[in-house]
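*Asks:* Listed below are the residues making up each chain.
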Amino acid sequence: MSKQAVTLALYADPDEAAGALKELRNCGVPGFKMDDVIIKSPIDHPELSELLNHRPVYIQLFTLLGVLFGPTTGLVLIASAQASFIYQSRGGRPIVPFPPDMVLTYELFILSGVLMTVISTFIAMKLPGNRSPLYNASVSEDKIGILVKAKPENIPQIDEILGRHNPTEIKGDHTR
Amino acid sequence: MSHSVHSHPQLDVQIERKFVPKAKDLGPDVSWAQINKDVLRSLEKPRPAFWIIFFSALALFSFGVYCEVYQYQNGMGVADLNNPQVWGLYIATFIFWIGMGHSGTLLSALLHIIHADWRKPIYRYSEAMTTFTLLTAALFVMVHLGRVWQFYYVVAYPNERWVWPNFTSPLVWDATAIGTYLTSSLLFLYMGMIPDLAICRDNARGARRALYKFLSLGWQGTDRQWGNFKVAYMTMACFLMPLAVSVHSIVSTDFAVSQNPGWHVTSFPPYFVLGALYSGCSGIITLFIVLRYVFRFEAYMTQPILNKLIKMTFAIAMVWTYLDLIEYATTWYGSDEVAKADLVYRATGDYALQFWGMIFCAMVMPFTLLIRYVRHNYTVLLIISLILNLGMWLERFQIITPTFAKSHYPWTWTSHWWPSWVQWGMVAGSFGWFTMLFMLYCKIFPSVSMYEVKEMVHEQNLEGKLAQPVSEHAHEAGLPEGGQA
Chain A
0 MSKQAVTLAL YADPDEAAGA LKELRNCGVP GFKMDDVIIK SPIDHPELSE LLNHRPVYIQ
60 LFTLLGVLFG PTTGLVLIAS AQASFIYQSR GGRPIVPFPP DMVLTYELFI LSGVLMTVIS
120 TFIAMKLPGN RSPLYNASVS EDKIGILVKA KPENIPQIDE ILGRHNPTEI KGDHTR
Chain B
0 MSHSVHSHPQ LDVQIERKFV PKAKDLGPDV SWAQINKDVL RSLEKPRPAF WIIFFSALAL
60 FSFGVYCEVY QYQNGMGVAD LNNPQVWGLY IATFIFWIGM GHSGTLLSAL LHIIHADWRK
120 PIYRYSEAMT TFTLLTAALF VMVHLGRVWQ FYYVVAYPNE RWVWPNFTSP LVWDATAIGT
180 YLTSSLLFLY MGMIPDLAIC RDNARGARRA LYKFLSLGWQ GTDRQWGNFK VAYMTMACFL
240 MPLAVSVHSI VSTDFAVSQN PGWHVTSFPP YFVLGALYSG CSGIITLFIV LRYVFRFEAY
300 MTQPILNKLI KMTFAIAMVW TYLDLIEYAT TWYGSDEVAK ADLVYRATGD YALQFWGMIF
360 CAMVMPFTLL IRYVRHNYTV LLIISLILNL GMWLERFQII TPTFAKSHYP WTWTSHWWPS
420 WVQWGMVAGS FGWFTMLFML YCKIFPSVSM YEVKEMVHEQ NLEGKLAQPV SEHAHEAGLP
480 EGGQA
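Going down the list, the protein sequences come from chains A and B. Counting along the first sequence from 1, when you hit position 51 you're at 50 in numbering that gives the first Met the number 0, and nothing is skipped either side. Counting along the second sequence from 1, when you hit position 171 you're at 170 in numbering that gives the first Met the number 0, and nothing is skipped either side.
Each hint should be verified, as a subset may be incorrect.
[As the list claims (entries may be wrong)] Capping the alpha-carbon separation at 25 Å, the derived lysine to aspartate or glutamate pairs in DMTMM-like fashion look like this:
id	chain 1	residue 1	chain 2	residue 2
1	A	Lys21	B	Glu458
2	B	Lys339	B	Glu458
3	B	Lys23	A	Asp12
[Unchecked claim] Simulated restraints, written as ranges between beta carbons of each label pair:
id	chain 1	residue 1	chain 2	residue 2	range
4	B	Ser30	A	Pro45	15 to 25 Å
5	B	Thr347	A	Leu67	48 to 58 Å
6	B	His375	A	Pro45	31 to 41 Å
7	B	Lys23	A	Arg54	51 to 61 Å
8	A	Arg92	B	Thr378	18 to 28 Å
9	B	Ser55	A	Thr167	43 to 53 Å
10	B	Leu369	A	Arg54	42 to 52 Å
11	A	Leu67	B	His114	42 to 52 Å
12	B	Lys23	A	Pro13	14 to 24 Å
13	A	Leu67	B	Arg40	40 to 50 Å
14	A	Leu64	B	Leu134	27 to 37 Å
15	B	Arg40	A	Leu64	41 to 51 Å
16	A	Met101	B	Leu461	18 to 28 Å
17	A	Asp14	B	Lys36	21 to 31 Å
Hints in this document: simulated from the structure, not taken from any laboratory. Glycine residues also receive a C-beta, built at the ideal position from the N, C-alpha and C atoms.
Generate coordinates for the entire structure from the input sequences, incorporating the hints supplied.
*Replies:* Pasting the structure below:
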């Protein structure tokens with residue numbers, strides 16, 4: 000795999016960042032893809048994310064698995080624990096009474112859904128993980144960072160595009 | 000052909016009126032850097048009142064611990080718990096704390112789902128309140144057991160002889176529901192805090208930096224992280240809504256499945272849920288005023304936000320009042336003579352003072368929230384919010400104690416039963432425990448969500464741009480005065 004260089008431009012104005020992203024989309028630099036662009040920001044900017052290629056979120060799928068797995072397993076465990084006392088006298092009452100068992104089944108439905116959501120979110124967000132070497136603390140304060148990975152020979156062209164939209168700072172790591 | 004954009008004077012007025020700005024929840028001059036600075040400052044230098052509150056809470060908690068040790072060494076007799084008064088203040092206070100815990104996460108989740116932005120500066124501490132009230136409530140289950148080392152009997156877990164607990168018992172439902180709610184609320188709180196923990200990490204030094212670095216998990220605020228985060232947060236909010244409703248409904252079944260009179264009204268579950276929301280909202284108002292002063296959050300915990308919170312509390316109080324009156328009416332006009340006698344005893348018997356105290360504090364006092372002076376005077380509002388919660392505590396007391404005092408069998412009747420100082424000490428200790436944990440949390444973690452307040456400011460600015468009157472748009476577009484093209 001060929002070596003890639005990274006450059007990060009910081010913007011104070013979301014409109015300027017949007018302008019830079021639009022120009023990157025249409026720049027026609029050979030070998031450059033929008034998949035190699037990452038936005039870093041202190042808040043969610045859906046209007047900027049829309050300018051990148053579609054990045055699907057699969058969390059709900061795992062949530063669905065959780066809400067199917069939790070109650071099914073829970074009900075089976077509860078019912079099998081109750082059924083293990085099958086020889087005890089129940090005085091005409093059912094050995095496995097489904098209506099009251101629904102209460103715990105419902106709670107397990109929620110618990111399993113929540114846990115699967117959290118686990119899948121951490122996996123999708125790649126957390127815990129290490130911050131990139133170009134991480135700048137100002138993106139957690141008030142700046143929007145556009146990080147671009149590209150071939151080292153294309154970096155000057157990328158920097159030029161990023162520089163046309165009034166960044167507060169451009170810094171690069173060309174050694175990766 | 001020239002064309003007039005809005006040349007008619009009446010049309011001018013209509014268009015201008017359409018863009019009359021709403022009262023903004025935050026001031027106009029809040030910058031993102033300032034938000035970071037203000038919230039991070041709260042972690043370092045609170046007002047001296049913080050330490051006064053913290054050490055007062057520690058003293059109360061220490062007294063509670065002393066009472067628990069005394070009860071542990073001398074047996075449950077010192078708590079004056081005996082047949083028929085087997086629950087006393089422990090279970091009344093347990094329900095009070097569980098109820099207090101409901102508003103934080105439930106309201107945070109509900110307001111998040113309906114995109115009510117005013118929740119953003121106040122939801123974090125509300126969720127923390129939920130977590131610590133649940134931890135406080137859990138203490139009472141163990142204290143009430145007497146044999147605290149056997150608390151795991153209520154958890155769905157087999158004992159040493161592989162006998163499983165009774166899955167049809169509401170006590171097992173309770174433990175499972177509260178465990179689920181605590182786990183989910185804690186994860187909801189933590190998940191929502193990760194971007195802010197990253198801000199803390201970027202600005203802290205020493206041991207604090209190590210703590211925030213560990214807890215922020217390497218968050219960088221990338222578009223992929225935000226995209227997943229938003230979906231996950233909304234999904235969890237959707238789970239927490241029905242969960243919170245189910246938990247307090249289950250708490251109501253602790254009563255409803257028993258044989259005691261007065262606990263079988265059909266509206267019991269929603270009555271409990273609304274009671275929980277009511278006391279929780281009052282608690283949020285109390286903490287709003289305290290945190291606003293102690294941590295200097297005047298720029299974020301503003302009067303418009305407090306007004307909305309008060310309106311919501313009043314609405315919930317009215318629904319709760321309606322359900323409470325429905326309970327009395329159903330019992331009065333029903334055919335259960337014992338339940339009717341129980342109701343009459345509550346209102347006229349040994350505990351009438353508590354009953355009418357509850358009516359005054361929880362049903363009459365909310366009307367003071369309609370007075371503008373009360374809403375704007377924080378000292379008065381603080382006192383009223385505490386009175387509302389006193390009313391809700393009395394409500395839990397008068398559900399339990401009078402019912403046990405005059406139940407089905409006359410030979411179990413007791414009169415003038417009053418909890419011993421050990422029980423009162425434990426109740427006081429629980430308030431100390433909650434306050435201590437909550438204040439510690441606010442000193443270590445950001446109690447105002449920085450990134451969400453930034454979102455709020457961002458949206459307010461966008462709204463401000465859109466809400467510029469048409470004549471300004473026309474001016475910006477290079478049109479002459481009056482909109483003539």
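*Asks:* Check the following: the C-beta atoms of His375/B and Pro45/A are separated by a distance inside 31 to 41 Å.
*Replies:* For His375/B and Pro45/A the Cβ distance comes to about 37 Å; the hint holds.
*Asks:* CB of Met101/A to CB of Leu461/B, is that within 18 to 28 Å?
*Replies:* 46 Å, violated
*Asks:* Just to be sure I understand the hint, the distance between the Cβ atoms of Arg92/A and Thr378/B should be within 18 to 28 Å; is that true here?
*Replies:* 58 Å, violated
*Asks:* Is it true that Arg40/B and Leu64/A lie within 41 to 51 Å of each other by Cβ?
*Replies:* This hint holds: roughly 44 Å between Cβ atoms.
*Asks:* Starting from the hint 48 to 58 Å, judge whether the C-beta atoms of Thr347/B and Leu67/A obey it.
*Replies:* 54 Å, holds
*Asks:* With a cut-off of 25 Å on the C-alpha distance, tell me whether Lys21/A and Glu458/B pass.
*Replies:* 22 Å, holds
*Asks:* Can you tell me whether the CB distance of Lys23/B to Arg54/A sits inside 51 to 61 Å?
*Replies:* 33 Å, violated
*Asks:* I want to verify a distance hint. Is the separation of the beta carbons of Leu67/A and Arg40/B within 40 to 50 Å?
*Replies:* Since Leu67/A and Arg40/B have Cβ atoms about 47 Å apart, the given range 40 to 50 Å holds.
*Asks:* Holds or violated: Lys23/B and Asp12/A, Cα atoms, limit 25 Å.
*Replies:* Holds, at about 23 Å.
*Asks:* State, for the Cβ atoms of Leu67/A and His114/B, whether the hinted interval 42 to 52 Å holds or is violated.
*Replies:* 29 Å, violated
*Asks:* Determine whether the Cβ-Cβ distance between Leu64/A and Leu134/B falls within the hinted range of 27 to 37 Å.
*Replies:* Given about 30 Å between the Cβ atoms, the range holds.
*Asks:* Please verify whether Lys339/B and Glu458/B have alpha carbons no more than 25 Å apart.
*Replies:* Roughly 55 Å separates the two Cα atoms, so the pair is violated.
The earlier numbered hints that this structure contradicts are 2, 7, 8, 11 and 16.
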